[in-house]
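Undergrad: Dock chain W against chain C, hints included.
Next come the chains, spelled out residue by residue.
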Amino acid sequence: MKDTKYSIFVIGFILLYFLVGMITGFLGANQIFPFSAWDLFEDIPNRRNDYGVIIMSYNGKIVSPPKLFQDSKDITPEYGSIIAYRLIQNFGKAYDRSDIQEAERLRAIFEANYMKAPARYSLVKLVYDPVERWKTGKYETAYIRVFSVRSEAL
Amino acid sequence: MRFILRLLPFHNFSEIMLKEAVLKAEYIVRFYYIALFFLAVTTIGDWSYYLDKSAIDPLWPIVWVNFVDYNFGVNIIFTTLLIGTFSAALFPKMRLTRLAAFLVLFEFVAFDKSFGQLAHNWHAFVLTSFLLVFLPYKREGDKSYNHNFLSIFWGCQAIVLLAYTMSGVWKIYNGFIQMALGEIHNFHPQAMSYQVADRLLQTGRTTLLDSFIIEQIWVGWPLYVGAIFIELLAFSVAFLPSFHRLWAFAVISMHICIKLTMGIGFEQNILLIALLFFNSPFIVSGNRWQNWLSKKLNF
Chain C
1 MKDTKYSIFV
11 IGFILLYFLV
21 GMITGFLGAN
31 QIFPFSAWDL
41 FEDIPNRRND
51 YGVIIMSYNG
61 KIVSPPKLFQ
71 DSKDITPEYG
81 SIIAYRLIQN
91 FGKAYDRSDI
101 QEAERLRAIF
111 EANYMKAPAR
121 YSLVKLVYDP
131 VERWKTGKYE
141 TAYIRVFSVR
151 SEAL
Chain W
1001 MRFILRLLPF
1011 HNFSEIMLKE
1021 AVLKAEYIVR
1031 FYYIALFFLA
1041 VTTIGDWSYY
1051 LDKSAIDPLW
1061 PIVWVNFVDY
1071 NFGVNIIFTT
1081 LLIGTFSAAL
1091 FPKMRLTRLA
1101 AFLVLFEFVA
1111 FDKSFGQLAH
1121 NWHAFVLTSF
1131 LLVFLPYKRE
1141 GDKSYNHNFL
1151 SIFWGCQAIV
1161 LLAYTMSGVW
1171 KIYNGFIQMA
1181 LGEIHNFHPQ
1191 AMSYQVADRL
1201 LQTGRTTLLD
1211 SFIIEQIWVG
1221 WPLYVGAIFI
1231 ELLAFSVAFL
1241 PSFHRLWAFA
1251 VISMHICIKL
1261 TMGIGFEQNI
1271 LLIALLFFNS
1281 PFIVSGNRWQ
1291 NWLSKKLNF
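Here the protein sequences come in this chain order: C and W. Under this note's numbering, read the first sequence as residues 1 to 154, first letter to last. Under this note's numbering, read the second sequence as residues 1001 to 1299, first letter to last.
If we strip away everything but chain C, and leave its shape as in the complex, we get (with noise of 0.2 Å):
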């Protein structure tokens, strides 16, 4: 007789994973790491309606035009972070939601790791058509708020 309680725990650990990971995708809940849902790149991004940082000034200079945050390159050197973008979007959907307590706590991680100097930024809403704005530059935008970081007023 085989011992097979290392197999039996081993099964029951992977089931419990799959379970947790897709019950929480199920529900739309926040991950409990280390379990996921492996939820990733699920569906097809076919209109964005996004979030952006429009950076006006940064560090005493004025931005002209104005340029979103991942278009930055020459003003700060995090402009493609993934993180900064996930952010940004919760940023927004906070402020969207009126959760202002929430929203205010993300902008202080954002400013605090992402606008090292003072700046002035909109916080803006964006339609587009991914594939459509990746070929011609097109998207619209709709402005929710202008922040200024450590009292940068232009």
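Quick caveat, the hints were computed from the structure, so don't treat them as lab data. One thing to keep in mind: the hints can contain errors.
Computed list of chain C residues with no C-beta within reach of chain W, every gap over 12 Å [claimed, not checked]:
| # | residue |
| --- | --- |
| 1 | 122 |
| 2 | 133 |
| 3 | 147 |
| 4 | 148 |
Straight-line alpha carbon distances no greater than 25 Å define the calculated DMTMM-like cross-link-like pairs of lysine to aspartate or glutamate that follow [claimed, not checked]:
| # | chain 1 | residue 1 | chain 2 | residue 2 |
| --- | --- | --- | --- | --- |
| 5 | C | 116 | W | 1052 |
| 6 | W | 1024 | C | 3 |
| 7 | C | 116 | C | 102 |
Note that the structure is predicted; figures quoted are calculated from it, not measured. Every residue gets a Cβ at the ideal spot worked out from N, C-alpha and C, and that includes glycine.
TA: Showing chain W alone in chain C's frame:
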């Protein structure tokens, strides 16, 4: 449960086959901890990057960082990561060092993901290092050692494969929903163009094959559907050792393709998959995928 146990690839192994498989698996575990230590060393470059950050949104395992000086917390996380993984690389047979390696990795990854995005590049290493803590001790006359060792090792392979299958399930599920809504969906020829363009707009970056793959939808289409297929069927490969090498090759190719088009590197997973599957202890002589297919198709 008995049915599932019978499906395990080493269920019918003779004592000699079990012994040979364990010998291979023990070597792989040794290399696993060397690889983990190597990856820990590569994070040294991020140390100053994280010291430069000043605001954190901590995941539950590192809420303690909020109660100490931030720089002190960062230094503790990186120092223990190096010491813990080094000790496991030196003494992989000691449960204490394996436990230390898991704990320091768990803390490091939780920290790494505490800045606004829960990326998944380290998850597979965290899960496998957890399972490896439970590897049995070898005692004289312990007849169940080989079976137990292989159970844990198989668990490591299975949990990595499961993650890919879960990802594939979501793509199939959402693919049908978007298809029903009349939108571009996961099986649509333009699926890959949209994913690549969307990702690159989020990061403002370019990649070697970005224009090519966005424009040439007939190249991207089979690659995208193929990737979903590789992901979805991954877990079944846990029970089919003859496919271990083939699947590992396919999934590593998929990751390289993703890196060249979307710029997303899953280097940790590539290393882990190569370790666990290229020389899988469950592949016995003559147990090749071609033989399995010809047997099933009665060639």
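Undergrad: Each hint should be assessed against the structure and marked as holding or not.
TA: Comparing the hints with the structure gives:
Residue 122 of chain C, annotated as away from the interface, keeps every beta carbon of chain W farther than 12 Å; the closest lies near 17 Å. Not every Cβ of chain W is farther than 12 Å from the Cβ of residue 133 of chain C; the closest lies at roughly 6 Å, contradicting the non-interface assignment. Residue placement check: residue 147 of chain C keeps its beta carbon more than 12 Å from all beta carbons of chain W (closest about 15 Å). Every beta carbon of chain W lies more than 12 Å from that of residue 148 of chain C, the smallest distance being close to 17 Å; the non-interface claim holds.
The straight-line distance between the Cα atoms of residue 116 of chain C and residue 1052 of chain W is roughly 10 Å, inside the 25 Å bound, and the hint therefore holds. At roughly 21 Å between alpha-carbon atoms, residue 1024 of chain W and residue 3 of chain C fall within 25 Å of each other, so this suggested pair holds. Among the hinted pairs, residue 116 of chain C with residue 102 of chain C is consistent with the structure: their alpha-carbon atoms are about 21 Å apart, no more than 25 Å.
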